[in-house]
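Asker: Protein chains in written order, with this note's numbering: chain A, 1 to 596; chain B, 1001 to 1075.
Bear in mind the hints are in silico, worked out from the structure with no lab data behind them. All clues stand as given, with none of them false.
Chain B side only, calculated, beta carbon under 8 Å to chain A, not exhaustive:
{"id": "1", "residue": "Arg1043"}
{"id": "2", "residue": "Ser1057"}
{"id": "3", "residue": "Glu1066"}
The structure displayed is predicted, hence computed values, not measured ones. Even for Gly, the Cβ is constructed at its ideal location relative to N, Cα and C.
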Amino acid sequence: MKRIALLGMPNTGKSTLFNRLSGASARVGNWPGITVDLMSAKILIGGHIAELVDLPGLYDLHGFSDDEQVVRHFLANNSVDLVMIVLNSSQIDRQLSLALQIRALGLPALLLLNMQDEAKRSGISIDIDEMSRQLGLPVASISAKYGDGCPQALQLAARHLEHQRAPISASEISSKLEADTQLEQQMEHIVKQSVQMPLQLTDRLTERIDRVLLHPWLGLPLFFGAMYLLFQFIFTVGAPLQEGVAWLLDLIRSDILEPLTASLPAWLHGLLLDGIYDGVGTVAAFVPIIVLFFLVMTMVEDSGYMSRAAFLMDALMARVGLDGRSFVMVLMGFGCNVPALMGTRVMRSRGMRLLTMMVIPLSLCSARLQVFVFMSAILFTTEQAPLVVFSMYLMSFVTIFLTALIFKGKMRSSEPFILEMPPYRFPTAKQIVLRGWLEVRHFLNRASKFIIFGVVMVWALTNFPSGVPAASEATYAGQIGQFFLPILEPIGIDAKLAIALIFGFVAKEIVVGALAVIYGLQGEALELLMAQQLDWVQGVSFMLFTLIYTPCLSTIATMRSESKSVGYTVLALGWSLLLAWVVSFIFYQSARALGY
Amino acid sequence: MLNLSQLQPGESAHIHAIHAEESLFHRLNAMGFRIGKKIELVRQASFGGPVHVRLGSTDIILRLTEASRIQIARA
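Model the full assembly from the supplied sequences, consistent with the hints where possible.
Answerer: Given below as structure tokens:
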């Protein structure tokens, strides 16, 4: 099978073209020598099936960024029958260097000048035939977003697929590239021969919008306002959808699965329904949120606002080793950590991405909020309760900044902060929907097995050995709680709360329900008993621990699949457990020392 | 001799020299920072944040530390 690689600078619409050519059939593949996800798809071209690979965006073949190294490794370790170079027509005067570098390597290549619509609007005209003659490469003008010129480009590609390439080694790539000064001269010559650019670009709508959105005083308030609206949209639309999914799952359980499994032995019935089926339910609950999140994020990213956010927030975030894009993801983490972790893929430097993924689980997500609302209502007056919940939000921010400060030296960004500010663009509906679908599939493929396994584990821990009451102190979970009591007592957590923490490992949504099972009571009776057995110092200590110790199984699964590193996941998990204990310890012991 | 971080919003200059290690130099080069090219400082973010510059048809943001490596001669 022939292999075609898509290559281009960031913000050239390369991935848009990839999605257009591949439809929804793209898969994440494993490639020799490469640790990041590369999408690939089988496409029909000139009557043959060919494999199309979307390489990460790069500026320079001998650059030093993580993505640039990935591309070099890919070209060195995988044979490629055709390189499709995607360039932004409006920036042809500087992007042509990439085409010249590929040509210098002797790779069979086809040059696609994308965003022809935008270039035309800016008054740029390119003589395709002249450029092709000067370069000695086939050239086509396209609009990946609207599809203009794409079929012709594919025909052109089919005609040039037959060439064979000579294998190149990674070290050879640098040496084979001609000196920059020489490339520069060639580039200037070709641009002069084939491109006409107006002195002043005529499309200045972007400038007018930026004058408002990046205003020295208005910029930040507008940014926070926009984030607030997006957040509200995702999570107010998402909540009823999640409830709908939960309702449907309950219905299937009570009307179909319960009668079907009623005759089975109790343990098998429990394993199937409380273990595996609830695990599937946990996975399913995330689907609506992930779709909504990426619908919104695709709009933010493709519109060009993401680099504006980076511009506005950089002064504050640079101090803790993060940037404005991290800030957007951390904010979204306050709704749900899982899509926020997936969204960090927009950051192309691995160091910065790992640091952001380290702090996202500390954002107080809506599931944890339920626990805090429940606990503070039991232990505090109606006037005090909102303040307690608010202080949990403050604590969440404090732990985020503290963690970033501590780990910023370890997870340093290897890339200089130099970002392009693309003009504002409207993404098409197709782009948005496709992204949502691909991300959900990615989550289901990568995280679901791990989550279901975890739910089954916790079910087993809280139900065995057989014969003891579920979630009681005689279960394995209770025994684990007992075992850890020496380190849990100094933070005011008793054996019952320890079992709740083990449940909370699966998902914070089930903690309140688990407390009902653990105490054997429901509703007001449960609240009364808990208010009797716990004082407010214990309660707050439990809340602090719940806030920090570990978000949920789905977050851990996502972290592992996004970082592709078990070691990193263990580090992040270990750190949050340690931090949770230290914070709770300091709070509990000082409160007690003060006589509360 | 001025560097890019000293330019005021709305002012233009020509790039005179780039003092940067290899990786930064490559990146700047690929983004269009070349000696002799005209550069305009569009705006700067509040609280000592990055600068927004315009080079030909490309808008770019970069931090002051990187901007200070680029020497300019006022047009």
